[in-house]
Amino acid sequence: MKFIKIQDCYKVYKNGVTATAGLNLEISKGEFVFIIGATGCGKSTLIKMLYREEKPTKGKVIVGGIDVAKLRNGKVYKLRRKLGIVFQDFKLLPKLTVFENVAFPLNSMGLKKSDIKPRVLKALELVGLKEKVRSYPNELSAGMQQRVCIARAMVNSPKLLICDEPTGNLDPETSKEVMDVLDSINKELGTTIVMVTHDKDIVNRMKKRVILLDNGILASDELKGKYKAHETV
Amino acid sequence: MKPFRILFRSINDGLRSVFRNFSLSTASILCTTITLILVSLAILVSINVNSFTKDLEHDLTIVVFMDRDSTDEDAEVIQRKIESLSNVDSVEYASKEVVKAEMMGESDTFSAIMGSWNADTNPLQNEFTIKVKEAEGLNKTAKEIEKYDKVDSVQYGEGMVEKMVSLFGVIQKSTIVIVVALVVVTAFLISNTIKITIFSRRNEIEIMRLVGTSNFVIRLPFLFEGFFLGIIGSIIPILITIYGYMFAYDKLGGYLFSNIIRMVKPTSFVFTVALVLLAIGAIVGMFGSFRSVRKHLKI
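As they're listed, the protein sequences go chains B and E. Position 217 of the first sequence, counted from 1, bears residue number 217 in our numbering, the numbering being contiguous throughout. Position in the second sequence counted from 1, then plus 233, gives you our numbering.
By construction, these hints were calculated from the structure, which means they are not laboratory data. You may find that some hints are simply not true.
Once the Cα atoms are required to be at most 20 Å apart in a straight line, the calculated PhoX-like pairs of lysine-lysine come out as [what the hints assert, rightly or not]:
1. E:K329 to B:K75
2. B:K187 to B:K224
3. B:K207 to B:K187
4. B:K78 to B:K55
5. E:K287 to E:K235
6. B:K91 to B:K132
7. B:K2 to B:K159
8. B:K60 to B:K29
9. B:K70 to B:K55
10. E:K383 to E:K329
11. E:K366 to E:K396
12. B:K112 to E:K235
13. B:K82 to E:K235
14. B:K78 to E:K235
15. B:K117 to E:K235
16. B:K122 to B:K187
17. B:K113 to E:K235
18. B:K58 to B:K48
Derived contacts from chain B toward chain E, CB cut-off under 8 Å, selection only [stated by the list, open to error]:
19. R72
20. G74
21. Y77
22. I85
23. F90
24. K91
25. L93
26. P105
27. S108
28. G110
Remember, predicted model here, so these are calculated numbers, not experimental data. Note that the Cβ used here is the ideal one computed from N, Cα and C, for glycine as well.
Just chain B, same shape as in the assembly:
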């Protein structure tokens, strides 16, 4: 079953820059997909369209049955509740504890405290940080902070996890830890993961589906892909 369908998708920004030019792509439920390509090739725009931060100029982007282009601003939150997003810069709130940061989406949805607690603890257990509930983000290493970010993205049990260069700020060892977490989420929970990355080692080691974008078009799509020697990172 296809969870993401991108059909003839064009995205042209107001300043005239074309980010995607007739992109066609399908991602099935439970897949782990790397999106790679040189800076400015349209990777970020593509994943921004998945969580409706950007709208396609032409064509269709369908995520979990929702046509992103037709989604009204006031209804975007409904799409985002079905997704989890992990950022390169973590986007954790420094004045909140690890527990509060992970509970943040559930709190803002108005869930009961008694419902929030077990879900937060489960999400933290998933990333191996259950013992850090009372810590503040600045007391954690960068790798741990990224794992908190993953826990926050997973707390709502999303079907799709979108990762925008999650290892961009991490050293190779810590990157491996984070990737192990993502891999286990994909394998154990069946969560579809779409990850934008520049990290050659990770892509080559994980042997997952690799989608290469070049100037807004699909340059290659391999099931157990790798970075090729000539590809820029």
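Model the placement of chain E on the given structure of chain B, informed by the hints.
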């Protein structure tokens, strides 16, 4: 219940934010306080001027003197005509015999002089005493009556009262303009405070957007913040309105400047004014924050 939890959380966030940005909040609260004190003064002055104008209007009369040769039949015709005028509240007719009797009753001197007058020698005139509904139409009504046949002359405030009443009207209108201007300034100031709150919480707002918080839930705490700024700003003006007016009423003995201008008793009306101030504070606060939320909160 989920909606109540969201509401409670938003109220809590809004209130916390008022104290978190204390210096800015203080500026907004002070501006609201000053505006509402002026609004309160304007309302109190307006109510008193209104009451005084009504008193004045109530006492306004036009006295119509009829020709000496006019008969009771003429009087009946004229009375009907006067009664048909829109600004006329009541008409009272007094024949010259009735006027004579009234005057004789007022003093012994009048009684001695007038006692010798009979129906033919009585130099007084038949007259109408007319009460009007609105002071502003007094002049027009009097002029209209003066034109009637068998009417000798008409006496009324000769424009003085009208000028006074229209002056009060001007005072009321200018107060309204000033108050509206101040309310607008306050709304802008509160809007600015909220803008800075939005800016200082931009990371939190961005995360809220990305984790799927609805626009309404994101906006609600900011609206409450403006609401609380307005409410807190109205506390001092409310106290001044209630206790200040009562104090002034007692000190001045219920009269302003002289015994002519009677102050309105501070009974339930000061509490109504207090409620109006509270409502203005709340509405201005929410309007100010709504403006900022719409303009600066990118969702």
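Now for the hints, and whether the structure bears them out:
no., hint, result
1, E:K329 to B:K75, "85 Å, violated"
2, B:K187 to B:K224, "16 Å, holds"
3, B:K207 to B:K187, "14 Å, holds"
4, B:K78 to B:K55, "16 Å, holds"
5, E:K287 to E:K235, "54 Å, violated"
6, B:K91 to B:K132, "18 Å, holds"
7, B:K2 to B:K159, "12 Å, holds"
8, B:K60 to B:K29, "18 Å, holds"
9, B:K70 to B:K55, "9 Å, holds"
10, E:K383 to E:K329, "15 Å, holds"
11, E:K366 to E:K396, "16 Å, holds"
12, B:K112 to E:K235, "8 Å, holds"
13, B:K82 to E:K235, "19 Å, holds"
14, B:K78 to E:K235, "16 Å, holds"
15, B:K117 to E:K235, "16 Å, holds"
16, B:K122 to B:K187, "17 Å, holds"
17, B:K113 to E:K235, "11 Å, holds"
18, B:K58 to B:K48, "15 Å, holds"
19, R72, "10 Å, violated"
20, G74, "6 Å, holds"
21, Y77, "4 Å, holds"
22, I85, "5 Å, holds"
23, F90, "10 Å, violated"
24, K91, "5 Å, holds"
25, L93, "6 Å, holds"
26, P105, "4 Å, holds"
27, S108, "4 Å, holds"
28, G110, "4 Å, holds"
Of the numbered hints listed earlier, those contradicted by the structure are 1, 5, 19 and 23.
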